[in-house]
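Novice: Given the sequences, and given the hints that come with them, work out the whole structure.
Just so you know, the protein sequences line up as chains A, B, C and D, in that order. Numbering-wise (our numbering), the first sequence opens with residue 1 and increments by one. Numbering-wise (our numbering), the second sequence opens with residue 1 and increments by one. Numbering-wise (our numbering), the third sequence opens with residue 1 and increments by one. Numbering-wise (our numbering), the fourth sequence opens with residue 1 and increments by one.
Keep in mind that the hints were calculated from the coordinates and are not lab data. Any given hint could turn out to be false.
Said to hold, decoys possible - Coverage of chain D stretches by chain A, computed from C-beta distances (three or more under 8 Å per stretch; other residues unrestricted):
1. 28 to 37
2. 163 to 177
3. 215 to 222
4. 242 to 253
5. 273 to 286
6. 302 to 315
We treat Cβ as the ideally placed atom computed from N, Cα and C, and that holds for glycine.
The primary structure of each chain is shown beneath.
4 protein chains.
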Amino acid sequence: MDASGELRVGMVGYAFMGAAHSQAWRTVNRVFDLPLRARLTAVCGRDESNVRAAASRLGWERAVTDWRELVASDDIDVIDICTPGDSHCEIAIAALAAGKHVICEKPLANTVEEARSMVAAAEAARAGGVRSMCGYNYRRVPAVSYLRQLVAGGRLGTIRHVRAVYLQDWIVDPEFPLVWRLQKDKAGSGALGDIGAHIVDLTQYVTGQAVTGVSALTETFIKERPLPSASSGLSASGGAETGTVTVDDAALFIARLSGGAVATYEASRFATGRKNGLRVELNGSKGSAVFDLERLNELEFYDGTGPGAEQGFTRILVTEPDHPYVAAWWPPGHGLGYEHSFTHQMRDFVEAVATGKDPEPSFADAFQVQRVLDAVERSSASGSGWTDV
Amino acid sequence: MDASGELRVGMVGYAFMGAAHSQAWRTVNRVFDLPLRARLTAVCGRDESNVRAAASRLGWERAVTDWRELVASDDIDVIDICTPGDSHCEIAIAALAAGKHVICEKPLANTVEEARSMVAAAEAARAGGVRSMCGYNYRRVPAVSYLRQLVAGGRLGTIRHVRAVYLQDWIVDPEFPLVWRLQKDKAGSGALGDIGAHIVDLTQYVTGQAVTGVSALTETFIKERPLPSASSGLSASGGAETGTVTVDDAALFIARLSGGAVATYEASRFATGRKNGLRVELNGSKGSAVFDLERLNELEFYDGTGPGAEQGFTRILVTEPDHPYVAAWWPPGHGLGYEHSFTHQMRDFVEAVATGKDPEPSFADAFQVQRVLDAVERSSASGSGWTDV
Amino acid sequence: MDASGELRVGMVGYAFMGAAHSQAWRTVNRVFDLPLRARLTAVCGRDESNVRAAASRLGWERAVTDWRELVASDDIDVIDICTPGDSHCEIAIAALAAGKHVICEKPLANTVEEARSMVAAAEAARAGGVRSMCGYNYRRVPAVSYLRQLVAGGRLGTIRHVRAVYLQDWIVDPEFPLVWRLQKDKAGSGALGDIGAHIVDLTQYVTGQAVTGVSALTETFIKERPLPSASSGLSASGGAETGTVTVDDAALFIARLSGGAVATYEASRFATGRKNGLRVELNGSKGSAVFDLERLNELEFYDGTGPGAEQGFTRILVTEPDHPYVAAWWPPGHGLGYEHSFTHQMRDFVEAVATGKDPEPSFADAFQVQRVLDAVERSSASGSGWTDV
Amino acid sequence: MDASGELRVGMVGYAFMGAAHSQAWRTVNRVFDLPLRARLTAVCGRDESNVRAAASRLGWERAVTDWRELVASDDIDVIDICTPGDSHCEIAIAALAAGKHVICEKPLANTVEEARSMVAAAEAARAGGVRSMCGYNYRRVPAVSYLRQLVAGGRLGTIRHVRAVYLQDWIVDPEFPLVWRLQKDKAGSGALGDIGAHIVDLTQYVTGQAVTGVSALTETFIKERPLPSASSGLSASGGAETGTVTVDDAALFIARLSGGAVATYEASRFATGRKNGLRVELNGSKGSAVFDLERLNELEFYDGTGPGAEQGFTRILVTEPDHPYVAAWWPPGHGLGYEHSFTHQMRDFVEAVATGKDPEPSFADAFQVQRVLDAVERSSASGSGWTDV
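Specialist: The structure is reproduced here in structure tokens:
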């Protein structure tokens, strides 16, 4: 941050995630009272005309075509990494070495090795007051944050069961083209790393337990797809030639967690009708809870300690002033949307930087997720045998 | 608009509605491609230090304390009225006379007479290319806009039944103080004008039918309340002295619509557990639909023309690119929130101004709502007798 | 009852209601421990071969063609009236005069006058230990009985709002024929008496308040229909000739209740997609509740007295042993169906007869419902003016 | 069957399952037109006074204390086995050898070996026209039967994903006693065989695919429990001494099915708040469907082939005359309950016997389920390695 109380951001990447982050950076100080004011200083992309257009539309002051330029700039305090996973490691390590705070989209990296080196870089930089964070934004959906509070407060008792799915259906059509998210060299993995990573992080966060071992299978239902004529985020139009899908369409695993819970996990892009179907259920010795991202303003909570005849799942509308993040927004019942999770993420990041604390999830937290994903792939590759994380 | 392609906005009022409008003005050009770019030129409020703070927080370039100054400013193209209803008429008429485009929060005015004079002013200004619009923002929730499309496309057939409630519970506690929304001279009416107005407008909009007559009752359950020590939007803390509640707590009416439908309407601030419970159901000769604001990314649609065994209410997640407004935002299933209805409203307003068209709802549309509210009050005052609008 | 501990039933009518009652009589002693055992002694219908077939199928020992024969039989203790409303009065009064206990399907009668004379007959017979009851079976859905307990126990506080609909769609098709339920001389009224009666009784029962006045409208959307070639309960096939529909298709009214609540009621057979959509919501000063007959094993309860952040509508699965009637059936979560409300009704009737108590709802309770329906018709006929019950 | 057109049933066991079967046998001919009439000839239990009381309450003509007496009786056509799993094999084989038709509760047996010998006995008897069936009653919930029709008709396309849970919570309390269902020698297994068996059968039935391999884990959360002072079905009161729980509390597995689908399965008695939470979701290339036993009159169906903007999960109320089994019951929207699945099962069994066809599920079908359960146990015992069925 400079003396003016600003936190000057340089963002790398401006597609889906870049747009979401931009909306968050633009909004965060308009809604929350914070000690630093975010400034959308520069955005970076490889194509000059495209990145200029993006800067204009999304509200960034200048556009650059080389992320190294951002890392080297004096007027940048934060590097916000919104690129595909294959470039996270190089950018993050360079940025940290340059003394820039880093916020890096999930998954932290495409391989455990990259992730490990990023953790080391973050640890080293931390000594110099440089902050780093991985962008598991769903932690900051108010209902998820509130669920974490309920569990931490003992309201569910000992957690016995975790049941987590993240279901989408955007590639059910065999003619959907081979976009970068279906290529292992760019994306690292398929449904597993893209959306499976979210439910691993989210369940570890809300339970306070780590996945310790898994037994897994992965599947690629459609093995050849048309090459894309042009790719843009999640959608694209296909051409005549085809290529091989090198990532999983779906990943399923059973797991054990460090606190004694057993779990099922499933991530799929072939769940027809499920658009963004992240659903997590916890069953504990005292209570249970269910979160569904398609109804993100709600949390279902079962309190098993009250009078039996009155027990049931309570649909809590997580829009009250005493719910996390909510007081800054609208009156009760006036729901938030997907993008607000990013605004909350930036709120906490800005506050952490300003107050000299380490934001969460740290690179180390994200590395743990990466190790779980790695165990899933190893188990799947070895006939679903039990695999320790 | 000036030659630079900007649409320079002056907003009057900066409380709940002002914050929502600010978020919309800041966001609209970041998400939608529009021929004009909104500029947050000035905000107006009576208390100088408060309005300065609001300008800084909400992102307005300057703060003024007299709305007449905004109306007289050369660098203002649009007056955006976010004050309580008792000042709408005077501000709007002055702004229109000064050639400013006007967007005015609902209800249009506190009385039919005021509303009528505003319509006349809008009609007069229109001849000179000046645009006006009333802020019934819920029309622009994608699910509501889409419902309008379904009805207009004949998918529900002849509408037989309209069933609309808008239920809140923020004054159930008798100790909740006598804020301005509970005072007839400021607010015009209570639940009726504040939230009942929304369901009248919304149902008239989606059905394309006008309410022609009503039979109504209104009720004030708690007739004396503590005077507020300080008031701020929907919440306040009460003091020791009390005053008389001069507005309705709840309004209930049955109605007939111009196309032959019969209807029930209910607006209440005493519906314990309902935070922002706007729910509308339409039953037609071919199909039915249900919208619930607490789940605003969804629309339930019943298609009565398909195979009988497969019929049922379909929960449409209104987050697909071919749903109204949605393509500009996030991928399917990544829901929007309350505030987005305002961004959509500003999108349509900006486009109307830029292309020289009249935005909807017009002041005349809003006047029709006002006349329905007036008929409700007259019916209630005369023992619930049938009252033509 | 005779010395053998049997309660010998003679049932008049064997269509939809007769089948439901038969299932209840057959089952009641198999599930509940009761001091008397119901015996399905005789069933009555006008067509000899049809009534014989019904007796065989439904399990009645003998079939008769004249209800007077049943009333005169020594081996009949109870007359169970399942005919259309136009014959209730004559049969019930004769049966009571003959010292038979009477259970009469709702609505009690087609007119207030008939209902009044039935009440007088019941009062007279009561002196001689003869019991009478009207068949508002939904009171005995466990979730409804439990809701009554919650209200009576003060869990909702003072009831402010009642919101009740009973929506069906079986005559939306204009070609659906003119069955007896669409003829005023047989059915008394249309949606109002058939299903509107249920929500009036149910809401008066659960709130403990009586409807004291209404403002109403009724509508007949389709005024001419094909004459039925043959009629059977709710379904029939139409012929070429047409006749005039003499009952309402829909009835809507607002009301006040004796305890200060205000209410909306709506009954319709034109609510496309709603098959048996009885839905009741109560809002009180301390809590709220919702019951929906299409999900009859559930009750939604909002407890407004707990910690704010945890409040919400709790979906209670009313299948626990400490819920009314449930302990006699299956383990938790193993839901009941529509027919069980009749079994519970017979359980309470048998117990009342055996223990010499008056079962509820009494004819007087049902007469009060009849007076509400009459006020609705009078209000509707007089331009929706307020009409005291 | 004897010449009188009766099918004379002898039932072994009269607890929870016996009560459910009794209700079904009593009701089946009252609702369905069938070529044979079931007669509740005899019930068998070990304790003479208890079985006499049960016969009287449940409506059986005589009570016996040795099942061999039933098997030897000339006036018994069907042996209905409702005992715990450890006695299924012996009774069924003896009954089949005696030429009695057999309906046997699930799971077919406690071990694969027993189940295999039962299949052999059934095959042998079949040559002589003797029928056998296993009681996976949930196949006959109308919504499940209808789901099978949708899948068989190709409405879901190729099934990609199966997601099945059966969740209960009746032993969450560590003080709940060690009833027979928690003892391996009586029950064979815990949640796995009791409720996991249901979801294996149900998903194999509706998909038409067989589970071919699994990777599994099982868990017993509470390893010591009080010995029961007296046991009765699902509930019991505990004493001071304790014993070891020898069955699983929960079983989780991932699986592959013969048609290429991948699946997750979970059965647990520790899912706080879930009373009878059987939930199955199928995702296919053309559509998806969800069934939830706690709302058994509903089926959610997603048709992925229609106009994109109108797609969504349709909540079908499976209460229409053209849904399986429904025409015999009540009008649309008048829902059925848990017990009706047994009545439908008996309907199909009676019809199969009368028409000389083999009812489903056959012992061989149930044996396949048994083999899946066995694979689950073997996988769990061997560190969750992949295990072929």
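Novice: Now tell me if each hint is right for this structure.
Specialist: Here is how each hint holds up against the structure:
{"no.": "1", "hint": "28 to 37", "in the structure": "violated (count 0)"}
{"no.": "2", "hint": "163 to 177", "in the structure": "holds (count 5)"}
{"no.": "3", "hint": "215 to 222", "in the structure": "holds (count 5)"}
{"no.": "4", "hint": "242 to 253", "in the structure": "holds (count 3)"}
{"no.": "5", "hint": "273 to 286", "in the structure": "holds (count 6)"}
{"no.": "6", "hint": "302 to 315", "in the structure": "holds (count 5)"}
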